[in-house]
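Peer 1: With chain F's structure known, arrange chains V, D, U and W with the ligands on it following the hints.
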Amino acid sequence: GGETATQQTTGTEGAETAAASDGDTIKVGVLHSLSGTMSISEVSVKDAEMLAIEEINAAGGVLGKQIEPVIEDGASDPAIFAEKAGKLLQQDKVAAVFGGWTSASRKAMLPVVESNNGLLFYPVQYEGLEASPNIFYTGATTNQQIVPSVSWLLENRGKKFFLLGSDYVFPKTANKIITAQLQAEGGEVVGEEYTPLGHTDYSTIISKIKAADPDVVYNTLNGDSNVAFFKQLKDAGITSEDITTLSVSVAEEEIRGIGADVLTGHLAAWNYYQTTETPENTKFTEAYKAKYGEDRVTADPIEAGYTAVYLWKAAVEKAGSTDVEKVKEAAKGIEFDAPSGKVTIDGDNQHIYKTVRIGEVQSDGQFKELWNSGEPVKPDPYLETYEWGKSLSAE
Amino acid sequence: MLSLKNIESGYGESMVLRRVHLDIEPGQVVCLMGRNGVGKSTLLRTLMGVLKTSQGEISWEGTDISEWNSAKRARAGIGYVPQGRDIFPQLSVKENLMLGLETASKRSKVFPEDVLAMFPVLPTMYKRQGGDLSGGQQQQLAFARALAARPKLLLLDEPTEGIQPSIVDDIRDVIIRIKNQKDTAILLVEQSEEFVRSVADYIYVMDKGSIAMHGKPEDLDLAAFEHYLTV
Amino acid sequence: MPSPLLKPNELHPKGKTVLSVQDITVSFSGFVAVNGMNLNLRSNELHFLIGPNGAGKTTMLDVICGKTKPVSGKVLLPDGTDLTRKKEHQIARLGIGRKFQAPSVFGGLTVKENLELADDQNKGAFHSLRGLRGGEISHAMEEVLTQIGLTDRILVRAGALSHGEKQWLEIGMLLLQEPHVLLLDEPVAGMTDDETLKTGELLRSIAKKRSVVVVEHDMEFVRQYAEKVTVMHEGKLLTEGTMLEVQQNPVVAEVYLGKRRKQDAVT
Amino acid sequence: MDMFILQAFNGLSVSSILLLIALGLAVTFGLMNVINMAHGEMIMIGAYATFVTQNLFISYMPASWFNTYFLVALPVSFLIAAAVGWLLEVLLIRHLYGRPLDSLLATWGVGMILQQLARTIFGAPNVGVTSPSWLNGGFAVTDSIVLPYTRLFIILLVVVVLLLMYIYIYKTAQGRRMRAVMQNRNMAGCLGISTRQVDGLTFAIGSGIAGIAGCALTLLGPIGPSLGTYYIVDAFMVVVLGGVGKLVGTVAGALGIGVFNTLFETYTSASIGKVLVFACIVAFLQWKPRGLVALRSRSLD
Amino acid sequence: MPIVNKLGVRGQRIAWGIVLILMSLAPLVSTEFRLSLLAKFLAVAILAIGLDLIWGYGGVLSLGHGVFFGLGAYAMAMYLKLQASGASLPDFMVWNSVEKLPWFWEPFRSFPIAMLLGILLPALLAFLLGFFTFKNRIAGVYFTILTQALVMIVVTLFVGKQEWTGGTNGLTGYNQIFGMQLHHPTTTIMLYYVTLVVLVLAYILCRRIVRSRFGQVLEAARDGENRVRFLGYDPAWYKTLAFTLSGALAGLAGMLYVLQVGIISPSMMGIVPSIEMVLWVALGGRGTLIGAVIGAVILNAAKTGISEAYPEGWLFVMGGLFVAIVLFMPRGLVGVYHNLSRWWRRKGGARDAKSVVEAERATS
Ligand SMILES: Nc1ncnc2c1ncn2[C@@H]1O[C@H](COP(=O)(O)OP(=O)(O)OP(=O)(O)O)[C@@H](O)[C@H]1O
Ligand SMILES: Nc1ncnc2c1ncn2[C@@H]1O[C@H](COP(=O)(O)OP(=O)(O)OP(=O)(O)O)[C@@H](O)[C@H]1O
Ligand SMILES: NC(N)=O
Ligand SMILES: [Mg+2]
Ligand SMILES: [Mg+2]
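Protein chains in written order, with my numbering: chain F, 1 to 395; chain V, 1 to 231; chain D, 1 to 267; chain U, 1 to 301; chain W, 1 to 364.
Bound-form chain F, shown alone (with noise of 0.2 Å):
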């Protein structure tokens, strides 16, 4: 069972640790996506939660015992992640489990984490309109990340905005909100497409885009739709100085398979960019390179899995246990100096306090900050400090 991958992982990457974790160690699981189409996104994620709690037990691990590992597949399938969610809860009786990408798997997961009462932590940015008493969330809510960059364009690149995302659950949600803000603030909607997940030709939406002639570009595509469509809106001859593209998927991961020279001059809205100027994240980028490879890049949600694992040890550590209730009760209002800054556990939704970025691509594919919003913003998943946002989650 799990116990192998343990020793495995523990037995190679973390070699030092070893001797120390033997009979008294506290498991957690990392569930990601390792294969299907979502592992290109997940695996880097996992990668970096696993540098976390490499780095916790070199610094002698958690309550004086050391972390241990139980890595599963999430295999791109959501059923997957309710049962390997299912498994580690049950079977390994994990403490906390690091996981997911997508709303689909984590929508799989909380019923499980629920009935089980255990934790997860979810590490990516997505549509809001949740808060379980048993998740974490430490990647964006809408309005730490859709919600100012909308406005940021308003203010800076016009009101005709097209919005183009792929055919789920996260783009259109995003797109209902910005539909309403944009309403509110006195923009307008020229156009919305769908593509299916795994689309690869955007001949025709970019025959659409053209004939539409937007100011702005919101762009929510998934991954790998994203290498496609900007590699062919370059053909297409569109550059971002003719329109502006705001991505709120695209990170320095899929830049590097999108290829910088293509992504020059668009932009993207997250919390978090490798070329984020606080010390930890010096420290981070070089931990992580250090241990996956000088070509290796971070990015947000890789950020905010790494984050999760130190989030998780200083509310267990302030409970002094790693009981559900104890530790949820301990980690409201737990801070963190964050590669990304300083993050605030929000007690209400459990939810963290995240600084919004603007950044644009530079021709080495990384970022440079356009724009920040000088605090962390309080998260508010149901957008309920927003006039136009009450109809949104009215029930």
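These are computed hints drawn from the structure, not numbers from a lab.
These numbers come from a predicted model, not from an experiment.
Hints are supplied without guarantee of correctness; some may be wrong.
Calculated lysine-lysine pairs in the DSS-like style (CA-CA distance at most 27 Å, straight line) [claimed, not checked]:
(1) 135(W) - 69(D)
(2) 171(U) - 94(V)
(3) 16(D) - 86(D)
(4) 171(U) - 74(D)
(5) 288(U) - 87(D)
(6) 288(U) - 86(D)
(7) 69(D) - 288(U)
(8) 291(F) - 27(F)
(9) 390(F) - 100(W)
(10) 74(D) - 135(W)
(11) 161(W) - 93(F)
(12) 378(F) - 332(F)
(13) 123(D) - 87(D)
(14) 86(D) - 135(W)
(15) 135(W) - 87(D)
(16) 208(F) - 303(W)
Among chain V residues calculated to face chain U with C-beta under 10 Å, some are [as the list claims (entries may be wrong)]:
(17) 50
(18) 86
(19) 95
(20) 104
(21) 155
Ideal Cβ placement from N, Cα and C applies to all residues, glycine included.
Peer 2: Just chains V, D, U and W with the ligands, lined up with the frame of chain F:
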């Protein structure tokens, strides 16, 4: 030229041929007779390498070829017209014929005129798909295809099956002509006694997977012969 | 060895028409395989259809049993049903049985199962759910098995039979089907002379109760058993009559029988 | 009018890509009857081969030569994919002729292994290939109509590959041998054709063409371990809709799907367009049960 | 194992009895988690039986069974979701600004109706698809591609119509059935038994069918569809019926699956899972019902086990497994069993062909 010693072969676990001995001399027309299901076709398939021998030796011009695959045997000069014809259904008639030249000396690109002359319908159907031909047309096609490479030994499995009488006569003439030219030997499976007697130099009769009797047509014991061919 | 039962000049209809083929034309992407063919089949008749390779005999049978749809023409039953408008299984249920030129039995099923398929009288899908397979061998089946000489091979996979055995099995299946009209495409191809004789007798006895159309190239066989012979050539009716009459037709000799046969016939 | 020209071009362009990914399959599946579920992975191999070639150029060639890497990558991806295909045939497929459904099972397994192998060697994330600069930009028909050079290049590439394949399969002795072996392996052997050699070569060629497709796709789309999964269904659709076993059918299938896809997508959305295309395929097959260009056969079944 | 065969048909019955008893004792020895996994495998085995009916016996390869499975699963999930939502709208509908429950959701408030629809909807879809395609004589890969097209259509629609279906997230977030917690140990055990019983019933039903004349015609049509027509059968009806039943069983399997797993999403009805379903049958041994069951259970167990043991390299192992099975056991696990028992018989003295055939039938 060809000599089978103690051959055993069959399909998977069921052995059809048992202890088969058979010899063919160059230029000779050897006929193989026997009731339905005694293993005549199986013997020809074994000879051609479509079926593996589980025991025994197939000696071809002094070499044991029992381990060779069909292609190698074909290149060594054995031609084959199977029962059921095995035309390539989606290849044109012309292409089917050209495939007969695979083993021809220096891969000649032209189909021999004299062979075509034996089957005058074929050139009129060059463009049609082999599989569309009528049964008899296919049989002629298969025959012509096998003759093209001028094999040293020709294995014919009921070549007159489904052929109109006038062409059966033509085929008989062809066999006799080949026989007279003396450079191609023929192993012929044929059910018509009359036909066999008109062409055979030597006759083998099979029963239950073995050779039951053999001899020159004129030497065969008629009573025994009839016995093995009646039901 | 002419059969004593054959009355050479008997061309007179033995019964009423059971099937009439009218002006059938078949074309395959431009190639006309059958060209305005007519054929009248009477009850209890052993009717031979001969002609050169590629004359369109098989295609003709294909039209009757519904495998090929003609461009024009009709195939009529006495009650006026036009078979060209029916599907294959409907035609079969109307009592037309067909044996193919290349043996076509169900290779994956045993001999017994093959026969059972033919034996079953109600062929509806729902009805078949009720019956169990692998039942006892029916009396009719036993009889047929003896006739086709496969009694001791009932549990053999039909795919493992020899060419000739498959021919027999297929004939056996047809017998069990008890059709009114039997269409046989070269039933004795690949049989020994003796087996051919046996088949001929079998056909003759079958024809006592129904009509049989046989396509054949074995002239000895035709001579022996034919009551009526229809000759096709290039998709058309060439001539019709007894074997003797047909043999003497110079065109038949020219395009079909060949010189030697012609000499045979004359002598 | 502009819109029409653009859509016509888009339709042609989508068709050319569909055709490119399907051509290899038209050989391994259409001709050889191997349900090759690893076809997508052969495309992936071609794409990675292009990536490696690019990197080798960056590392070992003068920078001014960089733009030629793509011309080298085309034959390289063909050869590498062909070599892998050949190996696959020799080690596995060879034992499965006449068992098409088993080949589905086995090649599915091979696909899994190849995907995971790519993940192990190149990492899970996508890798980037920079298009050569001579493919940047486009041919401006009018101000508003710019036909991207990459698209034009792919159309040209497809035409060339198709032509070569056509000549090889239908006009050469080797092609004739190949078709003979695929239709009746035993008989082909009895005529003196070395079936093993032909099998290996044919599968290698089919795989190699998939490799070329992979190379071309680096210009347009993602290059990652799951690359093949995006194209495999489309490739089968094209071959089957066109009519298995006929090269013209594959061309027709690609054109049909490509043009209709573009049309539907223009007037509805990408998702609905996709649904409509597949619905049309379902409806179309009802009408032509053997695909656009049916392989006629007289045989009973 | 071969010993069983030596015991003859009666011995085999006894052996199956023992297996069944062992299966019913599983809850005593297994952890809750493992038991629910096993139940999940048994649930999908029901689908495998149906798939084998149409593929193994009918020779019709469907790569679209994910859809039928999904329809059943969604039917059950809709019921559970409505139960969980009580008087209010299901949560995802709220997020998608749906104001009122769509009319086609209404029937799923009732458990019996939901259950009926979970079987009838996939059966109906299978019937319609089968009826037209088989009547039009679409066969072989053309049919297979058609089923793939069906998958693409249904999945794209389910993903796209997020406000009605939950989109990619699927339907999840329900914990109760009849007031019992789905994850409660007692519920797990009960669901396990329900699944086991349904599986056994499905098996018996299909066994009866393949041993009827219907099964015989179906098999004959697989070998020679046209030939069957000339015997007076209309193979289209036979195939349509088999396909319909197959779809119904897939729906049934989907319903039970949702109860075990607690989620259904479009990714479980897509192309890949549909292909995997075929692999179960192929592995177990196509054309033998028990093979389908064994294949489904073993392959799923292997997937779970191997991915737990080698989360990062399990695809190598699984892929290798497929290749090895095809190369070394062409007729699946059941084929291996037959070979072994034949070998055993030859060692233990010759038997007549009849008993061989009967023994093989008995295990099919
Ligand atoms: N593919 C096969 N698999 C298993 N057994 C077979 C196969 N083909 C033929 N047989 C068996 O081998 C035996 C010999 O068959 P073969 O075809 O050689 O007979 P034959 O003498 O040519 O008969 P015929 O005159 O009918 O053509 C038969 O009993 C047949 O049942
Ligand atoms: N599907 C088809 N496509 C094209 N041509 C065909 C097709 N079927 C038959 N033909 C042609 O039609 C003609 C008649 O064929 P048919 O099989 O009916 O002849 P036949 O009289 O049965 O000959 P044989 O005695 O050789 O069996 C032949 O020339 C044949 O090539
Ligand atoms: N949560 C997302 N990005 O799917
Ligand atoms: Mg024979
Ligand atoms: Mg004929």
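Peer 1: Each of the hints needs a verdict: does it hold here or not?
Peer 2: Each hint tested on the structure:
no.: 1; hint: 135(W) - 69(D); verdict: holds, 17 Å
no.: 2; hint: 171(U) - 94(V); verdict: holds, 12 Å
no.: 3; hint: 16(D) - 86(D); verdict: holds, 23 Å
no.: 4; hint: 171(U) - 74(D); verdict: violated, 43 Å
no.: 5; hint: 288(U) - 87(D); verdict: holds, 18 Å
no.: 6; hint: 288(U) - 86(D); verdict: holds, 20 Å
no.: 7; hint: 69(D) - 288(U); verdict: holds, 16 Å
no.: 8; hint: 291(F) - 27(F); verdict: holds, 22 Å
no.: 9; hint: 390(F) - 100(W); verdict: holds, 18 Å
no.: 10; hint: 74(D) - 135(W); verdict: holds, 24 Å
no.: 11; hint: 161(W) - 93(F); verdict: violated, 38 Å
no.: 12; hint: 378(F) - 332(F); verdict: holds, 13 Å
no.: 13; hint: 123(D) - 87(D); verdict: holds, 14 Å
no.: 14; hint: 86(D) - 135(W); verdict: holds, 14 Å
no.: 15; hint: 135(W) - 87(D); verdict: holds, 11 Å
no.: 16; hint: 208(F) - 303(W); verdict: violated, 44 Å
no.: 17; hint: 50; verdict: holds, 5 Å
no.: 18; hint: 86; verdict: holds, 4 Å
no.: 19; hint: 95; verdict: holds, 5 Å
no.: 20; hint: 104; verdict: holds, 9 Å
no.: 21; hint: 155; verdict: holds, 9 Å
Going down the numbered hints, you'll see the structure goes against 4, 11, 16, while the others check out.
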